[in-house]
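The residues making up each chain are set out below.
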Amino acid sequence: MRFPSIFAKRASGAGALALAAFTALPALAQEAAEGAAEAAAEAAPVMDKGDVAWMMTATLLVLFMTMPGLALFYGGLVRAKNALSVLMQCTMIAAVMMVVWVLWGYSFAFGGGTSPFWGGFGKLFLSGVTADSTAATFTDGVVIPEYVFICFQMTFAVITPALIVGAFAERIKFSAVVLFTILWGTFVYFPIAHMVWDGSGYLFNLGALDFAGGTVVHINAGIAALVGCIMVGKRNGYGKEILAPHSMTLTMVGAAILWVGWFGFNAGSNLEATGGAALAMINTFTATAGAIIGWSVVETLHRGKASMLGAVSGLVAGLVAVTPACGTVGPVGAIVLGAIASVVCYFFVAVVKNKFGYDDTLDVFGIHGVGGIVGALGTGIFTAPWLGGTGGDDFSIASQLWVQFVAVLVTIIWCGVVSAILFKVVDAIVGLRPTPEAETQGLDLTSHGEAAYHYS
Amino acid sequence: MKFVMAIIKPFKLEAVREALTELGIQGLTVTEVKGYGRQKGHTEIYRGAEYAVSFLPKVKIEVAVDSDIADKAVEAIANAAKTGQIGDGKIFVYSIEKAVRIRTGETDADAL
Chain G
1 MRFPSIFAKR ASGAGALALA AFTALPALAQ EAAEGAAEAA AEAAPVMDKG
51 DVAWMMTATL LVLFMTMPGL ALFYGGLVRA KNALSVLMQC TMIAAVMMVV
101 WVLWGYSFAF GGGTSPFWGG FGKLFLSGVT ADSTAATFTD GVVIPEYVFI
151 CFQMTFAVIT PALIVGAFAE RIKFSAVVLF TILWGTFVYF PIAHMVWDGS
201 GYLFNLGALD FAGGTVVHIN AGIAALVGCI MVGKRNGYGK EILAPHSMTL
251 TMVGAAILWV GWFGFNAGSN LEATGGAALA MINTFTATAG AIIGWSVVET
301 LHRGKASMLG AVSGLVAGLV AVTPACGTVG PVGAIVLGAI ASVVCYFFVA
351 VVKNKFGYDD TLDVFGIHGV GGIVGALGTG IFTAPWLGGT GGDDFSIASQ
401 LWVQFVAVLV TIIWCGVVSA ILFKVVDAIV GLRPTPEAET QGLDLTSHGE
451 AAYHYS
Chain P
1 MKFVMAIIKP FKLEAVREAL TELGIQGLTV TEVKGYGRQK GHTEIYRGAE
51 YAVSFLPKVK IEVAVDSDIA DKAVEAIANA AKTGQIGDGK IFVYSIEKAV
101 RIRTGETDAD AL
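Chain order of the listed sequences is G and P. Note that my numbering numbers the first sequence so that position 3 is 3, with each residue one more than the last. Note that my numbering numbers the second sequence so that position 31 is 31, with each residue one more than the last.
Keep in mind that the hints were calculated from the coordinates and are not lab data. Just so you know, not all the hints are guaranteed correct.
In silico SDA-like cross-links for lysine to any residue, where the CA-CA straight-line distance does not exceed 25 Å [claimed, not checked]:
| hint | chain 1 | residue 1 | chain 2 | residue 2 |
| --- | --- | --- | --- | --- |
| 1 | G | K240 | P | Q39 |
| 2 | G | K355 | P | T43 |
| 3 | G | K353 | P | G48 |
| 4 | P | K2 | P | T107 |
| 5 | G | K81 | P | T107 |
| 6 | G | K305 | P | E50 |
| 7 | P | K40 | P | A78 |
| 8 | P | K9 | P | T107 |
| 9 | P | K34 | G | D359 |
| 10 | G | K305 | P | V53 |
| 11 | P | K34 | G | K353 |
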């Protein structure tokens, strides 16, 4: 049996490394041992142009999620005076993370080191990587260019810190965002990406299922967001003034772009244009549909009206939840998973947030953190073959759920503790908050010297 | 000369414009405004956040007319803008001391 969900050979640059990663998975040990002799005799790795073309396309789809998808989604949700600040933060985070990824990020995550916690210095500045370098896929002997793998992973490293800024939108210094992004990528994202996806990674070897990055991207961003919004503090006027979104239209456009881009994120995580990618694709449709309906039904029952923002919030919650699950659950199980995620996320953003009074401005924790946790745990349930999943006959919900739980817990603790330290460091170096006057006037003018809209 | 200013419901603007045109009144100034009266506001909910919006969008129209048709203009606006529900708006009339058409320099009644 094979779990296509596990990025067994994702990190490896060479065939030999790929095999080492492959054998690291306990469930596959026997099969791998049998295959070792054959592998030695196998011909040179094959590159399929269809796979390469699909992965290049998927990479651009994931970039499109951040630029402009997430930027517009967030931009519409803030007040008009802060719209540009959010667009600019997403843009700058994308640029900074691309540079950092190439200089040391890729090495820290996938540098070939054998530590369970980080990838080492082996590929600093992408040393040793050429146009002829290859990265393994899920199929033995099938490879893609390593540059494509690096670019694909780079777009994930871009969107994750961009998600976080929603939690403290409208009240953060631009310099703080840039500095935090560099530090957080280095000390939180790259190590956790290594732990979950690299063949020598700690969580990978526990057998955690995370097809497209529910822990690495969404729980990670959600927890950092919760820590951030508490440490940065509430917006001026929170609970007193009207802080309503300025353009639900932009938000809907952004959310729709996110959905389309997410097909690159989920189906692209299959690394090949095969049936596995098709499974991720259909799940990315059905889970999202279930989640939109789920949110709107709950909202109608609770408030009497189904809102546009509710529908797109459900949309994102469903996409988040199906991210770890999309490679191993069935299309009908995905509908249920999406709907459950919506109900739980609704409860967090509409009830829990108000009860505790933290100002998670754009509900990054409430949707990405909570939805990510629901998705990670749900993956341990809906992968079961009798629930339509692709798990084998020996699949045990209890033991898989335990592994998923451990992976979630490790992510929460690592990310929570290190993020808190990093916010302190950033506060000490450049300060987190603009002056109250600047916040009142709006970050567009005071941080960037321009305005989103001119009525003339 | 009278200056007629009215606050009306935005969707009644076209009906009011037609009614004034029938009286032979040429020209109208329109401003989008916000305010409240007996209609009060409404509640908006964004995810969990509930906001009481106390200022509602209205349209303010301003028109300068000859004194002898001022009452007809007021009547026309009132009839056209009326729905019978609270929030239909108000009309105010005041006197104009002087009017000038900038292009020609015509003054007072000739300038209207």
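Taking the hints in turn, this is what the structure says about them:
| no. | hint | result |
| --- | --- | --- |
| 1 | G:K240 with P:Q39 | holds, 22 Å |
| 2 | G:K355 with P:T43 | holds, 20 Å |
| 3 | G:K353 with P:G48 | holds, 8 Å |
| 4 | P:K2 with P:T107 | holds, 14 Å |
| 5 | G:K81 with P:T107 | violated, 43 Å |
| 6 | G:K305 with P:E50 | holds, 13 Å |
| 7 | P:K40 with P:A78 | holds, 21 Å |
| 8 | P:K9 with P:T107 | violated, 33 Å |
| 9 | P:K34 with G:D359 | violated, 29 Å |
| 10 | G:K305 with P:V53 | holds, 17 Å |
| 11 | P:K34 with G:K353 | violated, 31 Å |
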